[in-house]
Amino acid sequence: MDKVLSGHRILIVEDEMLLLMTIEDVLADLGCESVVSASTVDSAVSLVEGQVFDAAVLDMTLNGTSSRAVADALAARGVPFVVATGNQDDIWDGFRDRAVVRKPFKYDKLVEILMRLLPGRSSDD
Amino acid sequence: MPKIPDKSDEQKDAEAKVESFKNKLGPFVVAADATRMAMVFTDARQPGNPIIFANDSFLSLTGYTREEVLGQSFNFLMVHAANAEALAKIEAEFQGESDGGSEIRYRRKDGSEFWAALFISPVRSEDGDIVQYFASFIDLTALKEEQAHSRQLIDELNHRVKNTLATVQSIVWQAFRTAPDAKAIQGAIEARLVALSRSHDLLNSKNWKSAGLLDLLNDALEPFVDGRAERIMITGENIGFPPQAALALSVAFNELATNAVKYGALSNDSGSILIEWKINPTAEGRRVNLHWLEKDGPLVIPPSRKGFGSRVIEHGLTDELGGTVHLDYQPSGLICTMSIPAPEGSANG
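Quick mapping for you: the protein sequence lines, in order, are chains Z and E. Residue 1 is where the first sequence starts when you use the working numbering, and the numbers rise one by one after that. Residue 1 is where the second sequence starts when you use the working numbering, and the numbers rise one by one after that.
Hints listed in this document are in silico derivations from the structure and should not be mistaken for laboratory results. All C-beta atoms in this analysis are idealised placements derived from N, C-alpha and C, irrespective of residue type, glycine included. One or more hints might be untrue.
From the structure, some residues in chain E lie toward chain Z, with a derived Cβ separation under 10 Å [what the hints assert, rightly or not]:
#, residue
1, Leu153
2, Glu156
3, His159
4, Asn163
5, Thr164
6, Ala166
7, Thr167
8, Val168
9, Glu190
10, Arg192
11, Ser197
12, His200
13, Gln244
14, Ala248
15, Glu320
16, Gly322
Negatives, chain Z to chain E, calculated, CB over 12 Å [claimed, not checked]:
#, residue
17, Met17
18, Asp29
19, Gly31
20, Ala38
21, Gln51
22, Asp54
23, Pro80
24, Ala99
25, Pro104
26, Phe105
27, Lys106
28, Met115
29, Arg116
30, Leu118
Generate coordinates for the entire structure from the input sequences, incorporating the hints supplied.
Set out below in structure tokens:
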């Protein structure tokens, strides 16, 4: 399998454990060993503020709470992200132009979006 | 019911003016006065259909006194007096072009708003001219609140359905990734769907405020205990954990027990498990420190890569409980050490 995501550091913010693990596996299969995860708004925001990420996958709702604060923190640091949601609801104001994946996921689509978001990908991989 | 003030001279005057039609219509107007449905009569021959009669229910609904209402144009209660759509609906009610029941947003004297369904009928003189209109209002506040609440519940349910589908997708995905053959895939999917259904029950039981650690362990081990009860020793207080934390612990214990039955101390005839915990005060606050110690099982060979079960345990304990977990694959038996923040209100022990 192509290790198209090798060397990248990706944050997954998701409160459903099995889903989180599957995203981890999908990314690991593509060579992304540096996957960090968070399942609450607070822990996600402190990760974003304290570490460097190339991209993020952000669930819109964490245990019934909007994760908008995480989106703001990511945007403030210029970290590109894809919004994951099970709802047909509108994406938050100010983030309508962001890439969205609907649950259940099409993992191919998730990967395709992440690859598009990642900065400065070289063509030799 | 707010107190209705005494009638003023103006009111008496106004009532005198409608006395003639009261006389003509007799029992009908008496009924309008007494009914619990909010009603007004308007003068059809004046511009703006000024109100010439308002019953007590209308005054209760709107919070106005009778003097404040009489002589006002029919639309004086509208929240958006210039709302063309609402005005058109009201006009249609007056013209008899509606089946009745147009929903209009009105404002009470105290500024609060309410929705009302509006019904308007003409009152005709003997020669057929429309002299008055008779309008009744059904307060839709409770109905609207109920509708908004239902909408919220439906949204929440939709969200859960989508999340559950995504979880099922993960279960299938993981089973195909790790199980060696079709039968194992089927078994893995079944076991995890049953566990998913069980956690759904737990989180949705209304009276479920907390679950004791001892109860959680016994419950999680129950499917594995059969004939091995004396080989599992559990010592510790029945510390109560809130639902989300209890669920993560329950999943972790289930994974540990599954592992013990497949490869560990419960996979031969002589092995045993000791599970013990206590609460320790630490610099980061009070923590529950739990040890799961297996011994006398077959020689333990550490797994070459992190298995599904250990990942579930790690994610659950760290992401959902804010704790730490360490799996130590000693040759003599697995040692699992957990450290989790003690739930509020639990006693030291």
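Taking C-beta pairs only, is alanine 99 (chain Z) more than 12 Å away from all of chain E?
The claim stands: alanine 99 (chain Z) keeps its Cβ more than 12 Å from every Cβ of chain E (closest is about 17 Å).
Against chain E, does aspartate 29 (chain Z) keep a CB gap of more than 12 Å to every residue?
It is violated; aspartate 29 (chain Z) is separated from chain E by about 9 Å at its closest Cβ, not greater than 12 Å.
Would the stated hint for histidine 200 (chain E) survive a check requiring a Cβ distance to chain Z of less than 10 Å?
Violated, about 12 Å.
Interface hint for glutamate 320 (chain E), Cβ within 10 Å of any Cβ on chain Z:
Constraint on glutamate 320 (chain E) satisfied, holds at 6 Å.
Mind checking the CB of glutamate 156 (chain E) against every CB in chain Z and telling me if the closest is under 10 Å?
holds, 8 Å
Decide, holds or violated, for the assertion that all CB atoms of chain E are farther than 12 Å from the CB of methionine 115 (chain Z).
Check passes; 20 Å lies beyond 12 Å.
With a cut-off of 10 Å, does the beta carbon of valine 168 (chain E) approach a beta carbon of chain Z closely enough for the hint to hold?
holds, 8 Å
Beyond 12 Å from every Cβ of chain E: is that where the Cβ of alanine 38 (chain Z) lies?
Label violated. Min Cβ-Cβ 7 Å, cutoff 12 Å.
Hint check: 10 Å Cβ-Cβ cutoff, serine 197 (chain E) to chain Z:
Violated: closest Cβ of chain Z sits about 14 Å from serine 197 (chain E), beyond 10 Å.
Determine whether the non-interface label on proline 80 (chain Z) survives the test: each CB of chain E must be over 12 Å from its CB.
holds, 22 Å
Interface-negative label, glycine 31 (chain Z) against chain E, beta-carbon threshold 12 Å:
Nearest chain E Cβ is 16 Å from glycine 31 (chain Z), so the label holds.
Chain Z contact restraint on alanine 248 (chain E) - CB to CB distance below 10 Å
holds, 8 Å
Of the numbered hints listed earlier, those contradicted by the structure are 1, 9, 11, 12, 17, 18, 20, 25, 26, 27.
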